[in-house]
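Student: Make the complex out of the two chains shown on their own, each in a separate frame, by following the hints.
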Amino acid sequence: MASPTAEYSQAQRLLLGLSLPVLALIAWELCARFMTLPSYLIAPSAIAATTWDMALSGELWRHADASLARALAGFAIGAAGGVGMGLLAGIARPVEHFYEPIVSLTYPVPKIVVLPVLVAWLGAGDASKIAVIAAGVFYPTFINALYGAKAVDRLHVWSARNMGASVVQVFFKVVLPSALPQVLAGLRIAFALSLVVVVAAEMQSSRSGLGFLIITAEDNIRFDLMYAAIIAVALAGFGGDRLLVHLRRRLLVGQMVGREGEHG
Amino acid sequence: MDSAGARRILARWYPVALVLAAWELLSRSGAVSKRLMPSLADIGVALVDALQQGDLAFHAGISLGRALAGFALATVAGVLVGVAMARSRLLEALLEPVFSFTYPVPKIALYPIFIFVFGLGSLSKVMLVFLECLYPITINAYYGMRQVQQVHVWAARNMGASERQVFRRVLLPAAAPTIFAGLRIALPISLIVVIITEIIGESRGLGYYITYASASFEYATAFAGIAAVAAIGFVLDRLLVAVRNRLIFWQRGAAFIGA
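Line order of the protein sequences matches chains A and B.
Quick note: the first sequence, position 188, residue 1076 per the working numbering, numbers continuous.
Quick note: the second sequence, position 220, residue 280 per the working numbering, numbers continuous.
Bound-form chain B, shown alone (with noise of 0.2 Å):
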């Protein structure tokens, strides 16, 4: 790497460096009890020594999975009831006052009895996840088809394009940015539902390991599974805007953050 690169880096990362730096300090000054704000030297000994074991990797699995799994059906069902919605007013008129009255009500509140119908296991985290997910790419999915305009599906049409091809060729892509933006907010809300439920009661997944640990004053440890959330969450996204990026390819530059 060139000196020139190195700056660049530099330039660009330096705050996280800082904040590290800031964390180490009070680590090592004392004035912050040791163990409550264990270093990042010792946590870095914790990570490898979890990861060694095995068990981070199991737990983060478990967690991975639920919210993958989540994720993707809500994924297929949220773009088909979308789609749907805006494609026939009958189902906009009978879904959408549905899903905008109940979109702002906290569904973690369903848990328990998510709990009673779906069982203590993966499948009641996995339905809420589900049902958290559903909503932002719905929603998307149904304002970006709305979003089309109506002089590119004549042109279309003009052209002598059947109905299919103007859902595939025309209707579909014009919406795949607003589609993607939905999933970019339900894919965080995943891994927050997970966690969420892991904590507050299961014996696997990331939840639950760092749960374990701070309640068995391991912070270290605790400190490491949260790195390991970190990381997922931080390359799930990277991963979906990559996808984004080579499907609409025509598009560039989802924002870094946000967006």
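The following block holds chain A by itself, in its conformation from the complex (with noise of 0.2 Å):
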């Protein structure tokens, strides 16, 4: 639906779009130099530095490899599970029929609220974290791969097998390849996914990672610490996703049907 105003330039857009946020940081440092904020609302300028200076001595590293490290062993985890048995799913009927009650069943409940348990079973360690981070990924993973598979076009599974590919090539070669955007974008969420568990999992209880950092900057009232945390947990977001995306790109060259750097 396009309105009947004129088109924005390129460079327009990137003003335009820089805008709101430029305009909030200013005002936030200036209201914090002249007037007196709550204490919480510390000037941008200060949580720059000590963002900088925690990423030069190297402690913001430390706990953001801590989480990156929970994350990426339950994402991958999770990950391996869900495409794996989506993908089978996909062309395997009685696979299908098999997960399909359980995953409708649980789909819309919450993977977190296993968490109490998972430490009581694993302990309050790295293996309660990841297990729960794991059973979040699959969902999406499975859900996006499984799709994938089940709208791979007939005629070219049949075309493969009328060419003589054994079962092990229509799937490599037939099946993946045009399941893999929908795979990708299966992995596009459940990797948000991961790192809003392990930030959630690391406030609850941890000794280490961006989300014990939060919460004890947050206790010992350094509230310039608490958004250097905040800010290396925003840019594990981003980054991560950014990769994904770079990574999408690649894979799929020719076949870019979406939106060229699409969000959402």
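No lab work stands behind these hints: they were computed from the structure.
Fair warning: there could be bad hints in the mix.
To be verified - If the Cβ cut is set under 8 Å, some of the chain B residues that face chain A in the computed set are:
{"#": "1", "residue": "Pro75"}
{"#": "2", "residue": "Arg149"}
{"#": "3", "residue": "Ile168"}
{"#": "4", "residue": "Ile255"}
{"#": "5", "residue": "Ile286"}
{"#": "6", "residue": "Val289"}
{"#": "7", "residue": "Gly293"}
Stated by the list, open to error - So these bits of chain B aren't anywhere near chain A, every CB distance computed over 12 Å:
{"#": "8", "residue": "Ala64"}
{"#": "9", "residue": "Ser89"}
{"#": "10", "residue": "Asp109"}
{"#": "11", "residue": "Gln112"}
{"#": "12", "residue": "Ala221"}
{"#": "13", "residue": "Arg228"}
Glycine residues also receive a C-beta, built at the ideal position from the N, C-alpha and C atoms.
Tutor: So this is what it looks like as structure tokens:
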């Protein structure tokens, strides 16, 4: 739906897109310098300075490393299971029939509820966090892989079979490439989810990680530290997402159907 | 129920029965400690107990209220902002980059700030639910409105429809399936965020209830709480799909899972 007003040029769009965040930052900085804001609203310049110092001292990296290791371990386990089972269910009816009722029953359930019990089972260390992340990641990757594999054009499968391709060849040369866009869409949702869960789990019980840093900084009323950790979480989320978009572009050369650089 | 119907139900739901049976076997075999993995019967007893004492309903009501309040706020604001972004080039240029750049950022990291701004009670949780749900709802409303075919708008105008009529009779119905897809993504998120915040630190709500029960080694009670969350999540999703199918009667069949 196009409105009748004129299009903006690329430069205008960039300028307009930056205007709100930049204005908000300037207003915040000015207010912090010349007025008394609540103690938790410290100046952006002070936040930037602390973030920079912590990045240089390596403290931020240490916690970011701990969080990312947990998130990626859970992501890898959950995604391997989700994509593998999803593709299998997409090509094999009995497998789909087996998973369908289980997944549809438990899909709308927030997987984080099992965290307290997992902590009891596996201890408060990394294992319980990785397990709950893997459980959360399984669902979006499974569902997207399933629909991706189900949407494969039958004609392509038949032609490949007709020309003598084995089942394994059909899977790797026909089903996987054509399901790939959907699989990657699932991975993108799952990655965002794995970060949310790791930060939440670290806020609840942990001795390292960005979520732990946020909570302890807050408890010690070190708001600059808290913001530095929040910025690190934001950068991890944004950076990982960009990486996946880049990966998608590299993998899907020649079949970019959607809008380039589409977010959301 | 005739035997054919029973067979069909069995054919569809046997995997769930299998999983439950495996659980029961594991629990009774003694391979896993019975306290860590209580049998279904024990969980059932704990569930009935908690329901009779009324505390499960109390905590569930609080969690549900928080989730739905944030979800409702996000629905109103998200649809308004999404529609406005699709209708105005200026608003689109101002807001779209902000939304797409902050979309992959875990908003839960802001929770401590929300506690300072909105207090330790329900408001900080409702606002975090609102923020998390705002994204999928806004972006889906925006894309839904953008996807409307220009031909339909022209056809309506050509037949003398006013701006208002075009909006209400063409744009809104055409965008409705996409808007509902956004709501269906946001609804489970609202529950997730409420439970997370209640697990992190609260003295009310199901997240607290489950954490407290497992910290007191009452795992059967914890599983009863988990069952309550599962039931709420499932029923809310079914309700939303039912509303969707009533409102969008011309396009049946939201997929049972996903979509």
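Student: If a hint holds in the structure, say so; if it doesn't, say that too.
Tutor: For each hint, the structure was consulted:
1. Pro75: With Cβ-Cβ at 5 Å, under 8 Å, it holds.
2. Arg149: 5 Å, holds
3. Ile168: 5 Å, holds
4. Ile255: 5 Å, holds
5. Ile286: 5 Å, holds
6. Val289: 5 Å, holds
7. Gly293: 4 Å, holds
8. Ala64: Since the minimum Cβ distance to chain A is about 18 Å, Ala64(B) lies beyond 12 Å and the statement holds.
9. Ser89: 16 Å, holds
10. Asp109: The assertion about Asp109(B) holds, with a minimum of 18 Å to chain A.
11. Gln112: At about 22 Å from chain A, Gln112(B) clears the 12 Å cut-off, so the statement holds.
12. Ala221: 14 Å, holds
13. Arg228: About 14 Å separates Arg228(B) from the closest Cβ of chain A, which puts it past 12 Å; holds.
In summary, this structure violates none of the numbered hints.
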